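Asks: Chain by chain, the residues:
Protein chains: 2
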Amino acid sequence: MAPLSPTARTTLGRLAEKGRTDRAELHALLDTALVAHVGLDAGGYPLVLPTAFAVDLDGPDRDGTLYIHGSTAARWINAARGAKVCVTVTEVDGLVAARSGFESSMNYRTAVVLGEARVVEDADERQHALDLMVDHMVPGRAATIRRPTRKELAATQVLAVPLHEASLKVRQGGPDDEDDDVADNPWGGHIPLYRIAGAPVGDEGSRGPVPDDVRRRAEQLGASVEADS
Amino acid sequence: MAPLSPTARTTLGRLAEKGRTDRAELHALLDTALVAHVGLDAGGYPLVLPTAFAVDLDGPDRDGTLYIHGSTAARWINAARGAKVCVTVTEVDGLVAARSGFESSMNYRTAVVLGEARVVEDADERQHALDLMVDHMVPGRAATIRRPTRKELAATQVLAVPLHEASLKVRQGGPDDEDDDVADNPWGGHIPLYRIAGAPVGDEGSRGPVPDDVRRRAEQLGASVEADS
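As you go down the protein sequences, you meet chains X and D in turn. Counting in full-length UniProt numbering, the first sequence runs from 1 upward without gaps. Counting in full-length UniProt numbering, the second sequence runs from 1 upward without gaps.
Calculated from the structure, these hints are not laboratory results. In this text, all values refer to a predicted model and were calculated from it rather than measured experimentally. Don't take each hint at face value.
Which copy is meant is left open, so a pair is good if it fits within one copy or across any two.
As the list claims (entries may be wrong) - Mimicking BS3-like on lysine-lysine, the simulated pairs with C-alpha atoms at most 27 angstroms apart in a straight line are:
{"no.": "1", "residue 1": "Lys151", "residue 2": "Lys18"}
{"no.": "2", "residue 1": "Lys18", "residue 2": "Lys169"}
{"no.": "3", "residue 1": "Lys84", "residue 2": "Lys169"}
{"no.": "4", "residue 1": "Lys151", "residue 2": "Lys169"}
Work out the full structure: start from the sequences and follow the hints.
Replies: Structure follows, in structure tokens:
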């Protein structure tokens with residue numbers, strides 16, 4: 001497995017001390033995060049849109065494959081077909097309350113993946129990618145829901161980006177204040193931020209208990225779920 | 001004030017029913033969210049990076065001004081100077097556990113702002129923008145910390161994007177399942193997601209209580225803060 005970052009484009013310049021070269025950390029972030037921001041050239045101007053994603057470390061690309069998908073009617077995904085894209089995944093972990101504006105910051109983890117978005121044509125790879133995306137949101141759910149119809153599959157585009165050319169940047173902890181500022185101002189620190197889930201909410205057609213896959217996911221994200229809710 | 005979206009580029013195509021045209025909703029999202037993803041052409045390929053931001057609704061642009069900043073040494077912000085950029089701000093509000101993969105989704109709010117990034121040269125506008133960015137993270141904090149030095153200001157670039165050409169897309173609630181799927185599968189719904197704060201953590205140079213600005217911000221984000229912590 002190649003170390004991060006194999007090219008000049010993904011070798012961090014500034015704040016390189018925040019760069020990480022451990023692919024396991026990249027994979028952990030991509031496993032935790034829910035949304036990717038995909039950037040592309042929309043025809044003379046850059047466009048950035050949020051989208052669901054999933055990673056297959058055993059995918060066809062050497063260092064794993066990142067999948068995104070969208071409607072065949074969506075302009076952005078048609079612009080992304082076969083094009084250079086940037087897929088950026090960020091988790092915000094805290095607010096850094098420094099003693100100067102210059103050192104004020106946020107704690108975060110950010111992965112930047114650059115590559116060409118390959119249109120996934122193979123039916124098995126497409127279905128696997130779609131299942132991975134459902135399971136990325138609610139692990140195990142792909143096996144519990146209705147299989148896609150031909151019409152649904154025809155309306156869905158799946159794109160694959162190799163997980164090869166990637167960088168990971170992480171900031172954590174308190175501020176990097178100057179000694180003089182610490183002497184002058186008695187407090188600097190950070191506010192940790194977390195994502196938590198509330199209890200699952202059934203729609204108006206729901207009857208019976210929250211299914212196990214949904215309950216487990218909500219609990220994993222910190223929700224308290226009544227057994228009979 | 002112009003309604004959203006004034007141009008064809010920001011007029012939503014697909015899922016237009018999720019589009020909003022109320023600028024107050026856009027402003028509320030930009031007020032809540034902490035991070036923007038900025039997309040630009042990095043020289044033949046798109047690049048998307050997360051960054052802090054702030055909005056000045058009374059800024060020099062007709063519908064308000066969105067500010068971002070970065071180090072004068074950062075490659076991305078030099079590529080953004082005077083260039084077309086896309087600033088996308090997303091909050092994830094839930095996981096939608098549908099009865100099919102096709103209807104599986106997330107709840108979210110996304111603002112997409114397109115425009116040219118103007119380099120802010122005026123000293124007063126620069127300082128105001130930097131204060132807004134500090135206060136966006138911790139309201140009131142800009143007034144409580146050390147003012148920037150000349151050296152710090154020289155190392156910081158501030159860019160302004162007009163809040164004119166913008167779109168807002170919102171998804172909320174449960175799945176849009178087909179009637180047949182609801183009949184076949186007794187449960188569909190969503191898992192609400194929230195961001196919450198933990199108690200502020202002072203750095204090793206801290207002595208004395210958490211200052212009011214930091215305590216209020218943590219409490220506003222759901223933290224329980226001891227008066228003497």
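Asks: Now look at each hint and say whether the structure bears it out.
Replies: Outcome of the hint check:
For the homomeric pair Lys151 and Lys18, the shortest alpha-carbon distance between copies (22 angstroms) is at most 27 angstroms, but the shortest distance inside one copy (46 angstroms) is not. For the identical chains of this complex, Lys18 and Lys169 are intra-copy neighbours only, at 5 angstroms inside a copy versus 33 angstroms across copies, given an alpha-carbon limit of 27 angstroms. In this assembly of identical chains, the alpha carbons of Lys84 and Lys169 lie at most 27 angstroms apart whether taken from the same copy (21 angstroms) or from different copies (25 angstroms). In this homomeric assembly, Lys151 and Lys169 come within 27 angstroms of each other (Cα to Cα) only across copies, at 25 angstroms, whereas the closest approach inside a single copy is 41 angstroms.
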